[in-house]
Amino acid sequence: MASAELTPDAARRPLAGRRLRVGDLSLQLVAGTAAALATVLVGLIAWKVIDGARPALSHYGLGFVTRIAWNPDSRHELYGAGSFLFGTAVTSLLALLIAAPLALGIALYLTELAPRFLRAPVTALVETLAAIPSVVIGFWGILVLGPALRDHVEPALHSALGFIPLFGTPSQTGSSIFTAIIVLAIMILPIVSSISRELFLGVPRELKEGALALGTTRWEMVRGVVFPYARGGIVAALILGLGRAIGEAIAVTQVIGGGVFIHWNLFDGGDTLGSKIAASYQGATTKLQLGSLIYLALVLLVFSLVINAAAQWIVRRVARRQGTGLNRGGVG
Amino acid sequence: MSSHGISPAELRAVNLPRRKAVNRLMEGLATVAALIAVTILGIVIWSVAKRGAGALDLNLVTRAPVPFAFGPVKQGLANAFAGSLVLVGLATLMALPIGILVAVYLTEFAPPSIRNVVSLALDVLNGVPAIVIGIFVFGLIVIAHGQSGYAGAFALACLMLPLVARSTMEVLLLVPSSLREASLALGVPRWRTTLSIVLPQTVGGIVTGTVLAVARIAGETAPLLFVSSLAGTKTSWDPGHALQSIPVAIFELSESPDPQDHARAWAAALVLLLFILFASLGGRWLATRSRRRLSTSR
Numbered sequence: 001m002a003s004a005e006l007t008p009d010a011a012r013r014p015l016a017g018r019r020l021r022v023g024d025l026s027l028q029l030v031a032g033t034a035a036a037l038a039t040v041l042v043g044l045i046a047w048k049v050i051d052g053a054r055p056a057l058s059h060y061g062l063g064f065v066t067r068i069a070w071n072p073d074s075r076h077e078l079y080g081a082g083s084f085l086f087g088t089a090v091t092s093l094l095a096l097l098i099a100a101p102l103a104l105g106i107a108l109y110l111t112e113l114a115p116r117f118l119r120a121p122v123t124a125l126v127e128t129l130a131a132i133p134s135v136v137i138g139f140w141g142i143l144v145l146g147p148a149l150r151d152h153v154e155p156a157l158h159s160a161l162g163f164i165p166l167f168g169t170p171s172q173t174g175s176s177i178f179t180a181i182i183v184l185a186i187m188i189l190p191i192v193s194s195i196s197r198e199l200f201l202g203v204p205r206e207l208k209e210g211a212l213a214l215g216t217t218r219w220e221m222v223r224g225v226v227f228p229y230a231r232g233g234i235v236a237a238l239i240l241g242l243g244r245a246i247g248e249a250i251a252v253t254q255v256i257g258g259g260v261f262i263h264w265n266l267f268d269g270g271d272t273l274g275s276k277i278a279a280s281y282q283g284a285t286t287k288l289q290l291g292s293l294i295y296l297a298l299v300l301l302v303f304s305l306v307i308n309a310a311a312q313w314i315v316r317r318v319a320r321r322q323g324t325g326l327n328r329g330g331v332g
Numbered sequence: 001m002s003s004h005g006i007s008p009a010e011l012r013a014v015n016l017p018r019r020k021a022v023n024r025l026m027e028g029l030a031t032v033a034a035l036i037a038v039t040i041l042g043i044v045i046w047s048v049a050k051r052g053a054g055a056l057d058l059n060l061v062t063r064a065p066v067p068f069a070f071g072p073v074k075q076g077l078a079n080a081f082a083g084s085l086v087l088v089g090l091a092t093l094m095a096l097p098i099g100i101l102v103a104v105y106l107t108e109f110a111p112p113s114i115r116n117v118v119s120l121a122l123d124v125l126n127g128v129p130a131i132v133i134g135i136f137v138f139g140l141i142v143i144a145h146g147q148s149g150y151a152g153a154f155a156l157a158c159l160m161l162p163l164v165a166r167s168t169m170e171v172l173l174l175v176p177s178s179l180r181e182a183s184l185a186l187g188v189p190r191w192r193t194t195l196s197i198v199l200p201q202t203v204g205g206i207v208t209g210t211v212l213a214v215a216r217i218a219g220e221t222a223p224l225l226f227v228s229s230l231a232g233t234k235t236s237w238d239p240g241h242a243l244q245s246i247p248v249a250i251f252e253l254s255e256s257p258d259p260q261d262h263a264r265a266w267a268a269a270l271v272l273l274l275f276i277l278f279a280s281l282g283g284r285w286l287a288t289r290s291r292r293r294l295s296t297s298r
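If you read the sequences in order, they're chains A and B. Using our numbering, you'd call the opening residue of the first sequence number 1 and step up by one each time. Using our numbering, you'd call the opening residue of the second sequence number 1 and step up by one each time.
Treat the hints as calculated values from the structure; they're not laboratory data.
For each label pair, taking beta carbons as the anchor points, the in silico distance ranges come out as:
1) B:P257 / A:L212: 56 to 62 Å
2) A:G23 / B:G282: 33 to 39 Å
3) B:A49 / A:W313: 38 to 44 Å
4) B:G240 / A:T169: 46 to 52 Å
5) B:P112 / A:R54: 33 to 39 Å
6) A:R54 / B:G89: 30 to 36 Å
Some residues of chain B that are not near chain A, with every Cβ distance over 10 Å (derived):
7) G54
8) P67
9) V73
10) L85
11) H145
12) L173
13) S177
14) L179
15) V203
16) V207
17) G232
18) P239
19) R292
Yeah, the Cβ is synthetic: ideal placement off N, Cα and C, and Gly gets one too.
Isolated chain A (complex conformation) (with noise of 0.2 Å):
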C-alpha cells in the first residue's frame, strides 16, 4: 500500500466527505420540512378556528355550548349550540344504533357465512357504499328516500308505536331528523362492516376450530370467540362510525329540515352542529353571528378530536394486547 488512494478508507474520502452528505442532508431536509409542514397544519386549524370563534366566545364564553338559540334577528341577536348539539347526539347515536348490528352481521357474512366465490365481489359492493359521496346520498334522501319514509315508514311506526313519544305525528316533507338518521346509518355502515371485516379475519382459525370442536354451534362459536377476541377492535369500529356521524354535514343538511328546539318526535325537523353550519353558507350578517358560527364549528372539532382520539387508544391498546399475548387474547 504505497499510495493512500488504494486504502478504501482514503479513496471514499473526497466524495463520502462532502457531496453524499449534501444530498442526504437536503433529501431529509425538503422531506422533514413536508412533515413539519404537514404536523403545523394540524395546529393551525386549531387555532384558526379557535381565532374565528373569538367574538362569540369573548361575548358568551362556555355558556353558548348548551343554550338553545339561534336568533339573527339584531334586536335580540342570541346564539347557542344547545339544540344543535342535541340534533347531533340523537342522530348520530341512534344511526350508529341501526348501523351496528347491521355492520356486524355483514361482517360475519363475509367472513363465516358467505360462500368463498361470494365473498370478494359482496365486500367490494359494501365498500362501494363507502365511496358514494355524501352529497348524492343526501340530494337522493330529498327525493327518494325520505317521500318513502314519509309515505309508508312514518305512519306505519306512528301507529304502531305512537305511544312512544320518539314516534310522533309524521313529516310532511319528508325532511326529518328520522331520515337523517337512517342516511347516517347508510353512510357509517360500510365503515364499521370493513374495519369488523378485518378484525373477524384475524381471530386465529384454531380458536374457531377448537370451538367447533368442542361441540358449539356456529353462532355460538362466534358469540364465545370471534365477538370477544374482535371486542376491542369492534368498539374502536363502533367509535369511528360514530365519529364519521357526528363529522358529516352535507347530508344531514339536506335531509333533516332545520330548526332550533330541543324536541323527542324523531318525524320533525332538526339541525345538527354540522348541518348548521353548512346550510349557513351564503353568508352571516354579523360578526357576532359568524363567530357563533364558527364556534359551532370549534365545538364540533373539539368533538371529532375526542371520539377519533378514543378510537386510536383503544385501536393501540388492543394491538399491544394482540401482539404480546396472541395465545391468551381468545375467549378471556
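Could you slot chain B onto chain A? The hints should help.
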C-alpha cells in the same frame, strides 16, 4: 370465563334442536344484513341511474347554466365540470408531492419519536370533519382574500394529504429492506437509494393511492361551501376566482323546487358517481395487483 363465554354446563343444559334453531336464526340474520347493504347500494345506484340517464346529454357538459330560465331552456353544468377539474387537479398538485415527501421522511429518515408525532398529526388531520376544514380555510384565506379556486383546492388538498401520505407509507414499508441494503452496500448514498431504488418500486402503489384519494375528494362538498361556492354561471378555468364544482352544484340544485333543476342534478350525480365508482374500483384492483407484485418480489 366472562359472560361472553359458554360454559359446558350451559351447552348440556340447552337442548340441541334449540341451539341449532338459534344458530340458524343468527346465520339468517347475518345473511339478511348483507342482503340489506347490497340492496341499499342497488337502490341508490338504480335511482341515480334511472333519473340521471334521462337527463344526460352533451348539453350537460358543453352548456353553462342559464340563470332565471323559464320553460325548457337548453342548459347544462359546464361551469361545474370545468371547476371540478381545476379544483381537483390543483388539489392533487398540492397534496401529492407533500404527501409523498411526508411518507418518505417517516419511513426512511425519521427517528421513532418524531414518526409517532407526525403520524398522530396525520391521523388527527384525517379525523377533522370536512366542514371544519372548510371553516378553517374560510378563516385562513377567504376572510382576507375572498373566495377562490386556489382556496378551494387548498381545502381539498388538506383532506387529500393524509390519504396520500398514509397509502404511500404503506407501500414504502412493503419495499424489501434487502433492496435498500444492497444499494447502500454498493456505496450508493442514502438519498439516491431512496429516490432511484426505493421510490420507483412504489410508483404503482402511489398511483393507486392517488386515484383513491381523487375519487374521495372529487365528491366532497363540505370543504368547498364556504371557500369556492359563490361562482357565477359562466364557465371559468381561472382559479383566481370562485369556481363552481359538481358536488356544490348538486347541493344547490337539490334545494331548488324546480324539477328541471333536479333533472340536471341527477345527471350530474350520475356522472360523478360513475367517475367515483370507476376510479375506486379501478384503484382497488390496482392496489391488490401492485401489492401482490411487491410481496412476491420479496
